[in-house]
Amino acid sequence: MSDTFSYFLMAWVDPQLLLLTALGTLAGIYVGAIPGLSVTMAASILISFTFSWDINNALALMVGIYVGGVYGGSRTAILLNIPGAPSAVVTAFDGYPLAQRGEAGQAIGLSTVMSVIGGLLGTLVLAGSAPFLADMALEFAPRDYFLIAVLGLLLVSTLSGKSLARGIFSVALGSSIGLVGMDMVTAQPRLTMGSMELLGGIHYVVVMIGLFGVAEAFYQLHNLTKVPVKQKVDKIIPPLSMVLKYLPLSIRTSIIGVIVGALPGTGGDIASLFAYDHAKRTVKNPSSPFGEGAYEGLVAPETANNAAVGGAYVPMLTLGMPGDAVTAVILGALVIHGLNPGPMLMIETPHIFWFTVGNLALANIFLLIFGLTGIKVFSKVVEVPKALLIPLILVLCVVGTYSINSNMTEVYWMLGFGILGYWLKVFGFQMGPVILGVILGPLLDETYRQAMSSVGDNGSQFLLALVANPLSLVLTAVIALVLLGQTPAKAWLKSRFKRH
Amino acid sequence: MSQKFERVQAGEKVFDWLLLLFSIGVLFEAYRIDGIPGLNSPGSFPVGLALVMLASSVVILVSHRRKRRDPRIRNAFHEAQVFLYEHFQPHIVVFTFLAVAYLAAIVWASFYVSTYLFLAVTFIYFRQGKIVSSLIISAVAIAVIYTLFTLVFRVYLP
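For the protein sequence lines, the chains are A and B, in the order given.
Mapped onto this note's numbering, the consecutive letters of the first sequence carry residue numbers 1 to 500.
Mapped onto this note's numbering, the consecutive letters of the second sequence carry residue numbers 1001 to 1158.
None of these hints come from the bench; they were simulated from the model.
The structure displayed is predicted, hence computed values, not measured ones.
For every residue, glycine included, the Cβ atom is placed at its ideal position computed from N, Cα and C.
Worth double-checking, as some hints may not be accurate.
Simulated DEER-style distance windows between Cβ atoms [claimed, not checked]:
#1 1065/B <-> 485/A: 40 to 48 Å
#2 237/A <-> 1078/B: 31 to 39 Å
#3 1007/B <-> 186/A: 45 to 53 Å
#4 1109/B <-> 54/A: 33 to 41 Å
#5 1136/B <-> 408/A: 40 to 48 Å
#6 463/A <-> 1072/B: 46 to 54 Å
#7 486/A <-> 1136/B: 51 to 59 Å
#8 1131/B <-> 52/A: 35 to 43 Å
Given only the sequences and the hints, what does the whole structure look like? Please build it.
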């Protein structure tokens, strides 16, 4: 117990870790807020610089960036009606009308406090549930991991983007990229197109920087001259009565955020949508109609997206499956540092888990401090013109990619993925499913083959095993339901039930 | 009876056809691993993924039946013109060209020189002049990059 507590407090008492967490949170707020930059982009670029760092330092910085970044997007959503991050899209629905009404300061203050409440509740759930889930996960068979990965990829295909087919294509594309290289069992080249250079595979950070950095930079060229409308910000600290008034809603939406965040593949953007929908359906008398400046419409998504951060860590640390794109990057950082994310992490390196929990809580405290101060400086910084920002993003992408293996070919690959990502984005494909595919593809392949070997390569036995074990049965049923929900059968069943 | 149709972007159909061709290419590459794969062989999963890509790209193409072109687009030639106008605006083309030239120049002109030139030229172009401030901002950016990446992060630069 005392060990647990000392691991938890590690970042709180070590000046270097304290500084890195604070810097990460502050940088995250700006990264999340500046349209054109994103948390995933920052984390992807950052991971390559922290390869040689001590793992605690690297994690402290990344946790700070993550927590700050998820919150940061809300500020520009409120002030400029430009969500800095996908998870803040919903925040703009009511945040911007509040700013137009002259209540920008209060809206930012309330969103800060609620984000911190959501973040701390998410961390609490992580601390409480992950050890039990990790214990349970030790009993999981390879087919269960396979099914969880399939479910995660299916959910991310379903919930992001404009159609399921596009989502599934993105996931399969990402998984194919993840499989490029030598087969781990037979060392046979796979999808290498005869290239010797591809035998070692494509580093997923190269793909990430290309898809999230370069593609975004190119995409932002369409809005190069767009000038946002600025709002005046006055008193920022919300009155206690206001916080208490919205506390019950924030607790409810935190729970939604944690659950959605914990589903492999889903993240803050989907959590905030669900939470907003929940608020719309359950709040009978909002402060203003939803969409016209209701504080409830601000509280719900802001609490949920920060609560989803803690939730996203649950599958990453207990099952080795990222909860969203940022935890996919952090998962990579853990692997690079020789750690084993998954159920064994709790047994082999429990200090990493408790350090992360303590660090998340600390980052939320810093979020409260930075979120309620420095708004004047913030207003100036987020107005940095895209004409300056876009070329700098490209330079950072080059530096980040080159620093992985000091290999210029990977830099060219990164540009190639950036251009591919640009066209995918233009035509409605999301980048998140591609990246999760890159990360989960090899895991899917490995667990599928292990599961198949365990039944003597017998197809019918494999299918039987999917329904013979209670956990596998539940997972298979959920996958079937998710798939069914995307077909016309859902509408048909609904109409049948209505008729009866 | 009026029916609402989803709009298809200029060039979207061509892109979706390209995805189908790409999926066929991936399927061919996956097939080359070990022919028609067994249930548990190196090629089984790649072939499966390629089939999923192929099936989803077919579904995407079929979904175009429920979509309609923007009524302002008159014909295929006009669609090509709109596509070029939207995605090949001068500043996008110039930036792409500068980005490729920058990556090519890094190898023979060193990282710092090529980065300075890339930033300065792009800033001047995007900001339509403002030469002195663009040169100063580029110099400051180089100084920050040097301090941050060479001195603080200690990473190897090209």
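How the hints compare with the structure:
1. Against the hinted window of 40 to 48 Å, the Cβ-Cβ separation of residue 1065/B and residue 485/A comes to about 22 Å, which falls outside the hint.
2. For the hinted restraint 31 to 39 Å between residue 237/A and residue 1078/B, the CB-CB distance of approximately 56 Å leaves it violated.
3. Look at residue 1007/B against residue 186/A: about 48 Å separates their beta carbons, and that is inside 45 to 53 Å.
4. Separation of residue 1109/B from residue 54/A is about 35 Å and conforms to the stated range, judged on CB atoms against 33 to 41 Å.
5. In this structure the supplied range 40 to 48 Å is violated for residue 1136/B paired with residue 408/A, their Cβ-Cβ distance being about 29 Å.
6. One distance hint, 46 to 54 Å for the beta-carbon pair residue 463/A and residue 1072/B, holds here, with the actual separation near 51 Å.
7. At about 54 Å, the CB distance of residue 486/A to residue 1136/B agrees with the hint of 51 to 59 Å.
8. Distance hint for residue 1131/B and residue 52/A: a CB-CB separation of about 39 Å, consistent with the stated range 35 to 43 Å.
The structure shown violates the earlier hints numbered 1, 2, 5.
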